[in-house]
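Read top to bottom, the protein sequences are chains A and B. Counting from 1, position 42 in the first sequence corresponds to residue 42 in full-length UniProt numbering; the numbering is continuous, with no gaps. Counting from 1, position 211 in the second sequence corresponds to residue 211 in full-length UniProt numbering; the numbering is continuous, with no gaps.
Honestly, the hints are just simulated from the structure, not real lab data. Be careful, since some hints might not be right.
Since the list can't tell identical chains apart, any single copy or any two copies may satisfy a pair.
Said to hold, decoys possible - Straight-line distance between alpha carbons at most 25 Å, and here's what the computed DSS-like set of lysine-lysine pairs gives:
#1 K59 to K232
#2 K141 to K47
#3 K2 to K164
#4 K2 to K59
#5 K2 to K232
#6 K59 to K164
#7 K2 to K165
#8 K47 to K165
#9 K2 to K141
#10 K47 to K232
#11 K232 to K165
There are 2 protein chains.
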Amino acid sequence: MKLFVVGLGPGGAEQITPRAMAVLNQCDVIAGYTVYIDLIRELFPGKRLLDTPMKQEEKRCRLAIEEALSGNTVALVSSGDAGVYGMAGIMYETAREFPEIEIEVVAGITAACSGGALLGAPLSHDFAVISLSDLLTPWEKIEARLQAAAQADFVICLYNPASKKRSDYLARASEIIMRFQSGDLPAGIVRNIGREDESWQVTTLAALREIPVDMFTTVMIGNSQTRIIRGKMVTPRGYRYEET
Amino acid sequence: MKLFVVGLGPGGAEQITPRAMAVLNQCDVIAGYTVYIDLIRELFPGKRLLDTPMKQEEKRCRLAIEEALSGNTVALVSSGDAGVYGMAGIMYETAREFPEIEIEVVAGITAACSGGALLGAPLSHDFAVISLSDLLTPWEKIEARLQAAAQADFVICLYNPASKKRSDYLARASEIIMRFQSGDLPAGIVRNIGREDESWQVTTLAALREIPVDMFTTVMIGNSQTRIIRGKMVTPRGYRYEET
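Chain A on its own, in the form it takes in the complex:
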C-alpha cells in the first residue's frame, strides 16, 4: 500500500516536475484541498479526485489513508513543496497507526524559490522562512523568530502573511524586524505565484506596513547587503563579495 505526498509547485502544469506527474499519473486517487484539486483537474481526466475544504488537513489525511487501506494507490497533493508548511508532516503523524502504508514525499518548488525567481535573486545568501499564521503557533514564538532572524541579518521569507482574521500581522512583523534592520531594506511581495493573475512588487521593509496582503501572498525581506538592481532584489553571496 503506497501513499504519496506530492508538491505541485506554485501552480500550473509547467512547474510540476516529471517525477510528480509520473506519480500522479500512476495513482488511482488524488486527494487535496479543493483549490489545488481544481487547479489540476483538467490534467487528469477520468481520475478519481477527492477534495476537502481548507483547514480540514487531518480529515484530508484520513481520507487518503482510507483509500490506501482499501487497496488504492493514493496521492495527497500540496501546493508548493509538500514539506514546507505542506501536508507531508501531518500525513506522517496521521498515518502513525498504519505502518502497513508506505509513505513517500515528492518535492515541489516552494514559494520562497518561485517567488524569489520573480523578485530577482533575494535568496543568494542565508535565509529564514517564517509563517505568520498563529493558528498552531503562539504569536510570541513567531515574534521571537522574527527578532532572531532580523538580528542575525538573515534574508526573511514570510509565508501566510495574513488571513481574514489577521490583517495587520505583516505590519506587526515589519515593525519587529525594523527594531534591528533599516526600514529602507529592499523587500518584495509576490501574489498568486504561477497563476494567471501572478504579480510582484519590489518595495521597502517600512512600506510593507501599508501594503495589503492575503493568504496567496509571499513576502521577502532582504538582508543588510541586499540591493536593488534593475528593479529587482539581489542579495550578494557574501560579505566579501566586492573584493573577489
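Dock chain B against chain A, hints included.
Leaving out everything else, chain B in the frame of chain A:
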C-alpha cells in the same frame, strides 16, 4: 537579448520542471559548472554547451553575457534552485553594465526541499537555511546565524557543510547549536540528492559531530518539536498541534 538563469533541481531529468526544460530547449547556448553540464549533456544532443570549473562563477557569468551580446539566447544553469546560493545573484551583479540583456530566473527544487522529502517532513515549520562556506562570509557571521537560529528553535538546513579545506565545520556548527538545543534533536544527512548514489541517514545533532560530509551533502537539524516517525524526521506544524 535574453539570458535565463535556470535551476535544474537536485539532478536527473525527472526533477527538472517543464518550464525549465522548455527554456533550455529554446536556448542556443547552455553554460554552467562542468559537473552540472555533464549531468544534462545527454538531454540536449547537438546543443552548444559551455562549461567552466568550480569557483569560476564570475567568469561563467561573463561567458554567458558574451554569448547573449553576440545575439544568442543563453541559459546559465545552477543545480537546485537558481536563487538559493545559486547563480542568479551573481548574474544580476555581473550583468549590471549590460541593461540591454534581459534576465529571467527560472526556479528549481532546492536541496532543502529535495533533501527534506527524503528525510520525511523536517520543514513543516519555520526553518533557517545557512551555508557553512566561509569563502565569502566571515565565520563569525555564520556562527552568529547558527546561534540565532538555534536559540529561536528554527529547524536548520545547512548547505555546503564541508569542503577539503573545511572538514571540521559541521562539527563546529553542531557544537554551536548544542549550546541552545539538546544533542538528542533529530538530525538528517542527505548525500548526492537525485543522483545514482543518493543516500540519506537520520541521526542526532550530537552525532553529526562525527559524521564525515562533503560538498554534495545537505544537513538537516530538527527543532525542539521534531520527532522520529518510521525512522524519518517529522516536524509538527505548530506548538499546539497535539490539541487540535
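Here is what the structure says about each hint:
1. Taking the shortest alpha-carbon separations for K59 and K232, only the inter-copy value of 22 Å comes in at or below 25 Å, while the best intra-copy value is 41 Å.
2. In this assembly of identical chains, K141 and K47 lie within 25 Å of each other by CA distance neither inside one copy nor across copies; the values are 42 Å within and 51 Å between.
3. Proximity of K2 to K164 under the C-alpha cut-off of 25 Å is found in neither arrangement, the shortest distances being 37 Å within a copy and 41 Å between copies.
4. In this assembly of identical chains, the alpha carbons of K2 and K59 lie at most 25 Å apart only when taken from the same copy (18 Å versus 47 Å across copies).
5. Taking the closest pair of Cα atoms, K2 and K232 come within 25 Å of each other only across two copies (16 Å); inside a single copy the shortest separation is 43 Å, beyond that limit.
6. Taking CA atoms no more than 25 Å apart as the test, K59 paired with K164 passes inside one copy only; the shortest distance there is 23 Å, against 49 Å between copies.
7. In the homo-oligomer, the alpha carbons of K2 and K165 never lie at most 25 Å apart, since the shortest distance is 38 Å inside one protomer and 43 Å across protomers.
8. Taking the closest pair of Cα atoms, K47 and K165 never come within 25 Å of each other, the shortest separation being 36 Å inside a single copy and 53 Å across copies.
9. In this assembly of identical chains, the alpha carbons of K2 and K141 never lie at most 25 Å apart, being 36 Å within a copy and 44 Å across copies at closest.
10. With identical chains, the CA atoms of K47 and K232 are never at most 25 Å apart, being 41 Å at best within one copy and 30 Å at best between copies.
11. Proximity of K232 to K165 under the C-alpha cut-off of 25 Å is found in neither arrangement, the shortest distances being 31 Å within a copy and 35 Å between copies.
The earlier numbered hints that this structure contradicts are 2, 3, 7, 8, 9, 10 and 11.
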